[in-house]
Each structure stands twice: as structure tokens, then as C-alpha cells.
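Participant: Listed here are the chains, written in short residue letters.
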Amino acid sequence: MEYDKILEKVLNREEYLVVGKSVARVDALDKALGRAMFTGDYISKGSVVVKVLRSTQPHARIVGIDAGDALGVQGVLAVLTASDIPGENQIGYALPDQPLLNDVKVHYVGDPIALVCALDEEAASEGLEAVRVEYEPLKPHFDVDSALESGAEPIHEGGNIATTTRIRKGDIGRGFSEADVVVEETYETPYQEHMCLETEAAYAIPEGVGKVTVIGTMQSPFLVREKVAQVLGWSLNRVRVIQALTGGAFGKKDDMGPIVSAMAALAAIKLGRPSALVLDRDESAAHSVKRYPARIRYRSGARGDGRITAAEVDITLDCGAYANRAPYWLWRQTVHATGPYEVENVYVDGRAVYTNKVYGGSFRGFGDVAIHFAAESQVDRLAEKLGMDPIEFRLRNVLRPGSRTGCDQLLDHSVGMEECLRRVEEASNWKGLRRGERRGIRVRGVGVGCGFHGISTSRAAPDWSAAYLILNMDGTFTYRTGICELGQGSPIGHAKIVAEILGAPLEAIRVEGPDTDSTPDARPTHGSRGLMLGGTAAAEAALELRRRMVEVAAEMLECGAGEVELREGRAYRRGEPSRAVSFSEIAEELYLRGLSPAAYGFYAPPKRQFDPKTGLGVSYSVYTFTATVAEVEVDTETGCVDVLRVWPAMDVGKAVDPLMIEGQIHGAISQGMGFALMERLVVEEGRVLNPNFKDYIIPSSMDLPTVEKPILVEAPYRHSAFGAKGVGEPAIISIVPAIVNAIHHATGLRFNRLPVTPEALYMALRGGRR
Amino acid sequence: MRISFKLNGKEVACEARDNTSLLDLLRVEMGVRSVKKGCDQGECGACTVLLDGQPVNSCLVLAPQLMDREVTTVEGLQEDPIMRGLVESFIEGGAIQCGFCTPGMLLSAYALLRDNPRPTVEDVKRAIVGNLCRCTGYVNIVKAIIDASERMRDE
Amino acid sequence: MKPLPPFRVHRPRTLGEALRLLKEMEDARPIAGGTDVIPAMREGALRAKNLIDLTLIEELRGIWERGDEILIGATTTLSQLERSETIAERAPALRAAASSIGSVQIRNLGTIGGNLCNASPAADTAPPLLALNAAVEIASEDGTRTVPLSGLFAGPKMNTLKPHELLTSVRFRIPPDGAGMSFQKLGRRRGHTISLVNASAYLELEGGTCREARLALGSVAPTPIRVREAEELMRGRRVTEDLIEEAASTCYELVNPIDDLRASADYRREMARVLARRALREAWEKAGG
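Protein chains in written order, with our numbering: chain A, 61 to 830; chain B, 6 to 160; chain C, 272 to 560.
Chain A on its own, in the form it takes in the complex:
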């Protein structure tokens, strides 16, 4: 199936009806009027309030949990511990290292121990204070080096290394011997906290004794169902999971969804009452997943002509208390370690190390932010050593159709990296901005960052999606997908794909959100796969339904199937639009004939093969490419950095909805700006000292730079509907190095650690002056 050629080959058209055009989101009005319902809006008065009793110790054995006093608090209904779990007390993602409720040991400050269930907030809060936990402290590890020392206290059975990765491509020795310049640096990137405006929440309602419904914040409804069922010891069909409209996710809700849902469900079935768990802001900011901190030692070399000859990369990921996504995160970093460039000789070694701190998890970019910060800093440094312009240097190395990546994957098409880079170079007047001396108290500088991001899941992990489409008797459609609306608009993108294929008005298609009882498993909404994979499943469903509709319409119109045109909710013979049958008439025919008005669309991208021993092979089906230029102004007296202007470009394959893609780029730029300049989680002895908006600083409206209209390059991917690739994450990857490289241009200073706060920059300037 040539998915990228659907328009020409299947629809026999030259122009798109809705794909490629920006539309007003159908869910926007409800959101503006305050009618849109988020998880908290479903919770009725009288529901049980669930609060999580968490460890106050970073590393300790639990000697005893005494809930006696807590149960004596008026309004407290129950205190649930591990012994109350009827199924499996296990919620780990990649490795089975994570109990839902701990009763053996605790691994970080914030580790869940018990659930206090009460009639209201006050009672629950009082109950929390009244539970007595006796700990036997163990030596805590607050950094990876401590955890890696020989004889170090193990945090989990099997030692403190959760997982390792490697790439061996080419001959690294030869690569360096060919290099005329070599750069070796160590980069450190910190935690980043998502600070979604809506915190994690789940509302569980028992349906009789045999079933429970959970409404909550999540990104993978079927994963949530699986974990909830596992914890309850129930079969899958006894758990119904509904994704409520979610107020920001960025990965946090993917990891936390199963946890809060399982906790709420446990309370609900134990008490036989609707039970709600809503995390407090400080609870979420201190104790739930964050971007993995990383330490990357990077050595790379280039020839005098600007070609990178070797990259030797060593990645140490600070896992925190649980592995969670670490193997996937680390693999993604490993396969993207070179950045979007052709490098023949690549050695990468990676390891994820447990520490007794809040654990890492999914966050936009999923490892590619840190590795590109390192790779793009290296590239800038190599260029500088060669006296070459940074973009010029990059252009000599960028991946192109026919190139092989750092893990030796052949990219035969859909590689828009060069066009992205050239176009931002032009749009920003790069050469003009790079010229001239940097003088004065306020100095300006311009920098570039590039990146690539494999879409969806990696290596040989099974990846597929599914969708369900029904033609109703009145000619409208009901579309069901398991892909979640998180604000990014993917399900709306599916509707557009369906509308395009069926020639139906967009308003005639209603998207029903994920409900494991009735929507098909579309697999998770992460990895920027929501539109590409979910949307191609939608295309499959639409194509199937279209075939049936066309077949029936052809008979009704007395013409060949190949002559039938579907447009604006009607079918007609090409060239005779006045003689048409409506979709409702077609529907009636379908129903009358006993033909199914519903279609199940299934899509799996091309199979990938990957050798985990060498790290070589096809790691992702396709990559999205991004290039961003950023102009900054540095106040050299205070160290404050203003990002003045940003020119983003992205190869999106096919822009299904430019406005929505721009929205993703804007949001990613803002998060990247925060990560580069101001977001600093302060963790001392395993305790987060600033779990709040007051002291964990995210960009406000007044920090907004001028973001030039994003350049959307289209290098279509053959194996997805209309050639569209994922767009949610990549823009955060290129903005971070663009800003840090711009700071270098302005001040001559390079930063290997983030964030570059005013104080950090000021101190570096001062250090240079002395």
C-alpha cells in the first residue's frame, strides 16, 4: 500500500480537501466555554478521597507500618497496604522492579507505601500524618558514581545497573586517526519536571462486584487496563479504562497513568465506592517521573574538509529509584548519539544506573534532548576548531536520502534534514547575524541546532495501531481510536485523514475518545506516533469503508467503481456532480444488504531488525528532522539571557494540519527554552526542595521570544497516510543546542551543563575575566 500516494492513486485527485489545511479544532469551543471535562470534573461529591502515604526516607527497609492511629481518625475509611493487593503488587514498566505499594523497602523519598482512603481531604490528610512507618535506613546513593562503587548497597536485587546499551560500527581507532581535529567533553543534563497544568488523577467507580471503571489522566489506556487488571488480579474484560481529556501530558501521564489508576481502582474495589486520587502539585513535582538526568562523555573527530570521522560516546543515565522507561530511553539516546549526521565509525556505550532519587520517565524527546545537546555542542566545537561556519560544517555531514545512520540504518527516503537546515539559514539571515564583533554590555548571538527523532518505538518492539470507523444511517460517521487527545490534536488529525479519504465533511465525523470497552487498542500515544501510526490505522479503516461505499454507490449510480467520486458527503459519477446519492442513502443500502457499515483499520509499519549486541540495524521506521536557529541577547552584567527570535524548521513528511503542527513546535520550543535556561530541580539528599511553580521556573508569557513562522518541509514517508510523520517531540531537540550555541556566539562561552541560569552564565563570565 503506497500510503503516501493515496490522493493520486486511490482518490484520483490532485488537490486535498482537508489535509494540509488548518482547521479550527472541534474540541476548542468546549474547552473555551469551560465545558470540557477533565478527570477532576467527573468526581462527584461523596467520592472517597485517596491520598498516598509516601516514604520520607531515600533508602530504607520497612520494619513496620502501623495504621492504628490513622484508622482512628474520624472520616478515615481504610488504610491500604501491599497486603491488600489481591493481584500482583507490581507496576514496573520495562523491568519488574516497582511495587505499587512498598512494604519491604523504600527506594526514594516519595516512594508509595500505603493508600489512605477517607471521606474528605481533611480526614485523608490527617490520616496520612497518623500512619506510623518504622524504617531501617540503608546507605543511600544520590549520584551514579556512588551507586557504581564496588560493594555499593544495591537498590534492587541484581545490582545498581538497570540496563546497558552499545553500538559498534566501523573502526573507531581508524576513525580518530583520520581526524584532523578531535574534541572531547563531558555534558551533563538535569532533571526536567513536566509541570503539566493538570496534575495526575484517576477516578475509579466499581460497577457491581465484578467490574471497575477508571477515568483518568493517561496516554496508554490499554496499558492502564493491563496494569490495573494485574494489580486487582482480574481478567482484562473486568476493567474498563476511559481516558479523560488530559490537561497536558508530555510523557508524564503515560508513566503515571497506570499507577494512579491502579491505586484508585484498588481503593474503589476494596471499599465498594467511587474513589478519586488527585495528586497535589507539590506531590507531582517532587515524586512523579521526570526527564532522566544524563552524563554524556563525548569524543568526536573531523577531517580538515569538515567530515566527521569518528564518534565515541559514553552515556550514563541516572535512573533514580526504578528503571521504568530506562532501557528504551537509553537505546534511543544510543541510536541517535551521532546526531543527524553521517558518521562511519561509531562506538557507543550506555548504562542506566539506579539511585535513591525520584525516578526518570517519559518526557518529550525521550532522551534525544540530552544526546543532541551533547552532539550539537560537539559539532559546533569541531566547526570552530576548523574555522568553519557551524551550518557549513553541518551541511557537509547531514543525513540525506541514501545515508546510513549511526547504527547503520539505511535511510532511503523521507530525509528532509538538508532542506530544513538550508531554509533556516536563509530565513534567519544567518550569515549576516554571525558577522561582526560582539561588544558591549548586552551582546547578541545566533546559534543553530539540528536533530532527528525516530518516530514511535524502537528496535524490534512490536508496533501497530488500529481504528474503528462506523457509517451511521444518517450519513455521519463515528470514529473510534485508542489514541489520546492530550492537547496535541492527533485524533482530530485522524478525522481529517478519514474525511479526506471518504470525501466527508469534517463536521460529519465525530471522534470518540479512548474507552477500552469500545475503542480498539491503538497502542500508546507517545513517541510522536499518535498521528503517524494512529492516523494510518484510521486511513486503513477509511479505505476499507470507502471500498464498500464506492461499490454500493457505483450500483446506485450505474457506473464503474473507478468512476465514483466521493465529496462533501455525496457520491456521484465523475463529471456528473448533479446526479448524486447522499452518504445516508448509501448507508441505508449498506444496511439493507447486510454489508457491514463498520470497518476495522489495522496498520503496522515496516518491520525493523536490530541486533542489540552491536546496536546495528533498523531502529526506527522513519525519522523526523528538525533544524532551529535562535538569536539571543545576553546581559553580561547579570548573566540573563533573552531569547529574541527563533526560526524553526521541521521535516514533517506531510503537514496534515499546519496550525496544529505549529502549535506543537511552539510548545516544544517553550519547554526547550525552559530546559536550557531556567528549569532547575533542586534535589538535596534525595529531597526535591522546589516542587512548586514558585521556585521551579518555567517560561511565562513575558519570556516569549518572537517565533518566526515554522518552516514545514515535506519529504513524505511512503508507509504512512499521506506521508505524514510524527511532529510532537522533535522541536524540543533542536532548540536547546540552538540557544546554547547562540550563547557561545554572543559570549565565547561554552556550557556543558544545563540550565544556563543567569547565575551560571554570570559566574562563567566572571571566571573568564579573572
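None of these hints come from the bench; they were simulated from the model.
Treat the hints with care, as some may be off.
[To be verified] In silico DSSO-like links for lysine-lysine, alpha-carbon gap of 30 Å or less: (1) C/Lys557 / C/Lys433; (2) A/Lys165 / A/Lys330; (3) A/Lys69 / A/Lys667; (4) C/Lys294 / C/Lys433; (5) A/Lys754 / B/Lys148; (6) A/Lys754 / C/Lys320; (7) A/Lys330 / C/Lys273; (8) C/Lys273 / A/Lys165; (9) B/Lys11 / A/Lys105; (10) A/Lys754 / C/Lys273; (11) A/Lys754 / C/Lys428; (12) A/Lys105 / A/Lys330; (13) C/Lys320 / B/Lys11; (14) C/Lys294 / C/Lys428; (15) C/Lys273 / C/Lys433; (16) A/Lys105 / C/Lys320; (17) B/Lys148 / A/Lys81; (18) A/Lys445 / A/Lys491; (19) A/Lys105 / B/Lys148; (20) A/Lys271 / A/Lys105; (21) A/Lys769 / A/Lys491; (22) C/Lys273 / A/Lys105; (23) C/Lys557 / C/Lys320.
[As the list claims (entries may be wrong)] Label-pair restraints from in silico Cβ distances: (24) A/Ala521 / C/Asn527: 49 to 59 Å; (25) C/Ser535 / A/Glu148: 41 to 51 Å; (26) B/Asp120 / C/Gly338: 30 to 40 Å; (27) B/Asp159 / A/Arg357: 55 to 65 Å; (28) B/Ser9 / A/Ser104: 22 to 32 Å; (29) B/Glu16 / C/Glu336: 32 to 42 Å; (30) C/Asn527 / A/Val742: 18 to 28 Å.
Using N, Cα and C, we set each Cβ at its ideal position, and we do this for glycine too.
Chain A is already provided as a structure; the job is to place chains B and C on it using the hints.
Facilitator: Just chains B and C, lined up with the frame of chain A:
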């Protein structure tokens, strides 16, 4: 204690303990769900309401402090031409993604345009600095507010 | 986070009633906008059994010119300060400070009395008021007393008010025409941010000579401070860039900042000098230099 105040133009009354925040009162007692709890610390602005016409964080206002005052949420401004213009601009301009910050954001924007029909970009940024957004990066929000103000002037 | 404790809220209509309640009610404290009190209670840093809400007391809210003084009632909101023409004309540095606090939402609730009595070393209204030689009026059932503003601050988040006392107003002499005032603030982002360091300068020039100089800094000591040595250095001398630099440099040694999770003492010390210089320069320009 019994609190009586005006909510979206209507006289209302309810029982509430003194330590109930306006935010909790609205969501739990009055069923007004457009007002969101993002932090409960006066930092994020998702709980913004108009109190006697002025934007405030409802998580910081106590129930007894509402006596005889007027509270306005987006539900109460649906017929207002300034709000309608803003809603239209927000929707058309891609200023709404997850929607959690949106009601609060609209109220801050509304108060701005009501008092300053010709805001500069800086004015807009200042007006919404107390409404944090993690999805949009503010780009389309600022643009939509400026667009709405220009449309208002054209009418 | 903790739920708010089960306090009672009293809403007196007169100052006298408020003072009586403050004295008679158990574990009572005043509240106005709640922008500091409510978050502190939710963090568990503050408790009270009775809150005395001051926002209904008309005599406590307002901005008045009385003779050669300006009087600001304690429950005047930061927004009201921001919008006041009197303040814009007579004390622009105070206006700049008030408008730099938090967000629109915070300023619509927060009050000048609250900002001062909270006694954060970073309180933004403090440096301009210190530079204006402001005094505060404090009332109790036993009477009223007036103290210089600096006498209100005892230490970080500690004021000198006795248990049954209320701050009722702030007052300062109207600066002469031609006086130049400025306010500078350094935060961790461009808006809605706590000050890492703030500064306010006040200059009166005669010809090119400094007739009067006042310099106040915040967030670099346990309380907001006046930098007397810098001021003395400038009085009577011809104002130049070099003199300003000299005066600003004294701040480096004279301040006493701490390391905290927002900034290091070292950085604050450096920024004290930078902001002092910027504040003095701006005040100089405004004074016609």
C-alpha cells in the same frame, strides 16, 4: 457559615466553612467546573476568576470574603461581545491545545481588552503572565488576543 | 500540601473592631489579600485559629495627599498602587515596584501592608519606600505609634509587630520636584518572579552636585536595607559615572546575602553592585543628570 454572593449575574447562596477557598466553593458546591485547580498556591492562574470584575486567583480567596461580591467565570460571559470575539480568535488561531489553562487565560484576556482595547504585545504578555501554559508556548495565545482586539476595533 | 486549618474568619468594619478581635480571639492573625498567608498555610508553615480579615475596613484602604505627605492605607492593593496617578507622579519607583510583583491576579489581591508585614527580604515595595524615608503607623488597642519603615523588619519573614498590633498605613514626605527615583529588579525569568535582588535609588541634584542620595537594596541581607555608606559617599559631591560606580561598589562589601535555592550569596553580592549601579544611574537620569 452561609455565604451569599453574585455568581455570573445571579444571586446565589450556599453553606461553606470559613476555610473553604473560592475555588473549591465554585467547583464542589456550585458545580462551576471551568475554574481549574492547577497548583492551589496562586502561581499558575488556572483558577482565575473575575472578582468584582478583576482577575484574581480563586484558590487564594476565602469563602467569607465573598459576601455581597460578584464572581464571574467564563460561563457568565458567553454572551459578552468581547468574550465572544476572544473565543473566536482563540479557536481560529490555534490558541487552545489541552484547554486546561484556557478559561483562566480567557478571563485575564477579557479583563485586559475590556480596560485597554488597544493593547500592545507587551501589554498582552503582562496581562497573562499569571496564566501559565505548558502546551502552546503562548505564541498563538498572544496572537489571538491581539487579533481579537483588532477585530473589536473594526466592528 | 496540607488543607487549610479549620480557622474562623472575622470581618470587622472598623479598625477598632479589628484591634479588639486581634486581642481577644485565640491564636488570631490578620489577613487581607491572602497571597502570602494562604500559600504559607497550605505549606504548613503557618497556622491560625482566627483570621481577622481587614479588607472591609474603609479607613485602611486608600492613597491620600495630606499636606506635604503621602499616606497609603495598609490594605491598598498593589493594583491600586499601580493605577494611582498620585503614586505615578510622586513616587514612580514605588509604582514600578508594585507593578513588578507577581501577576495581575496577585496584584489585585495583594496589599502593600501584606507585602511589608510579610517581611520577606525580597519584598519589592520595601526598597522604594526605604529610599523615600517612609514611616509606618502601627495601631493597637493601647494606641498608635509611628516608626521608620526599617524598624518594621526584624529578620527574614519576621516583623517587629507585637501580637495585637496592626500596620495601618505607610507614609512618606512628597519628594521635591526634580528628585529622581528608580527601581531595579532581578528575577529568574522576565515576569511573575520573586526578586533575587532588588534595588531603589533616590537622588536630589543641585546643579550637578548630589544634594541627597538614598540607596536601598533587598534580598541581600536578613531585611531590606539602606546602604548608608554609599549614600554618604555621594552626598555633596558632583555626580558622575565614576562616583556612581564607586558608590555601587561599596555595596559589594556591605551586603550580607545568603545561599539559598534561588541564588548563591556570591551571585547576590555581585548583583547588589550591578543593580545599585543601574538604580543610581536611572535615578540620576530622572533627576536631570
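Participant: It remains to establish, for every hint, whether it holds in the given structure.
Facilitator: The hints, checked one at a time:
1. C/Lys557 / C/Lys433: 39 Å, violated
2. A/Lys165 / A/Lys330: 24 Å, holds
3. A/Lys69 / A/Lys667: 24 Å, holds
4. C/Lys294 / C/Lys433: Judged against 30 Å, a Cα distance of about 11 Å means the pair holds.
5. A/Lys754 / B/Lys148: 26 Å, holds
6. A/Lys754 / C/Lys320: Holds, at about 26 Å.
7. A/Lys330 / C/Lys273: Holds, because 26 Å separates the two Cα atoms, which is no more than 30 Å.
8. C/Lys273 / A/Lys165: 26 Å, holds
9. B/Lys11 / A/Lys105: Since the Cα atoms of lysine 11 of chain B and lysine 105 of chain A sit roughly 23 Å apart, the hinted pair holds (cutoff 30 Å).
10. A/Lys754 / C/Lys273: 17 Å, holds
11. A/Lys754 / C/Lys428: The given pair, whose Cα atoms are some 17 Å apart, holds under the 30 Å limit.
12. A/Lys105 / A/Lys330: Given pair lysine 105 of chain A, lysine 330 of chain A holds - Cα atoms ~19 Å apart, limit 30 Å.
13. C/Lys320 / B/Lys11: 28 Å, holds
14. C/Lys294 / C/Lys428: 22 Å, holds
15. C/Lys273 / C/Lys433: Holds, at about 28 Å.
16. A/Lys105 / C/Lys320: Satisfied, since the Cα-Cα distance of roughly 27 Å is no more than 30 Å.
17. B/Lys148 / A/Lys81: Distance of about 19 Å is within 30 Å: holds.
18. A/Lys445 / A/Lys491: Between lysine 445 of chain A and lysine 491 of chain A the Cα gap is close to 18 Å, so the pair holds against 30 Å.
19. A/Lys105 / B/Lys148: Violated, because 39 Å separates the two Cα atoms, which is more than 30 Å.
20. A/Lys271 / A/Lys105: Roughly 22 Å separates the two Cα atoms, so the pair holds.
21. A/Lys769 / A/Lys491: Distance of about 20 Å is within 30 Å: holds.
22. C/Lys273 / A/Lys105: Since the Cα atoms of lysine 273 of chain C and lysine 105 of chain A sit roughly 20 Å apart, the hinted pair holds (cutoff 30 Å).
23. C/Lys557 / C/Lys320: 48 Å, violated
24. A/Ala521 / C/Asn527: 49 to 59 Å: 58 Å, holds
25. C/Ser535 / A/Glu148: 41 to 51 Å: Hint holds: Cβ distance 47 Å, inside 41 to 51 Å.
26. B/Asp120 / C/Gly338: 30 to 40 Å: Holds - the Cβ-Cβ distance for aspartate 120 of chain B and glycine 338 of chain C, about 33 Å, lies within 30 to 40 Å.
27. B/Asp159 / A/Arg357: 55 to 65 Å: Holds, since aspartate 159 of chain B and arginine 357 of chain A (Cβ atoms, about 59 Å apart) stay within the stated range.
28. B/Ser9 / A/Ser104: 22 to 32 Å: Holds, since serine 9 of chain B and serine 104 of chain A (Cβ atoms, about 25 Å apart) stay within the stated range.
29. B/Glu16 / C/Glu336: 32 to 42 Å: 39 Å, holds
30. C/Asn527 / A/Val742: 18 to 28 Å: Cβ of asparagine 527 of chain C to Cβ of valine 742 of chain A: about 22 Å, so the range 18 to 28 Å holds.
Hints 1, 19 and 23, counting from the list given before, are not met by this structure.
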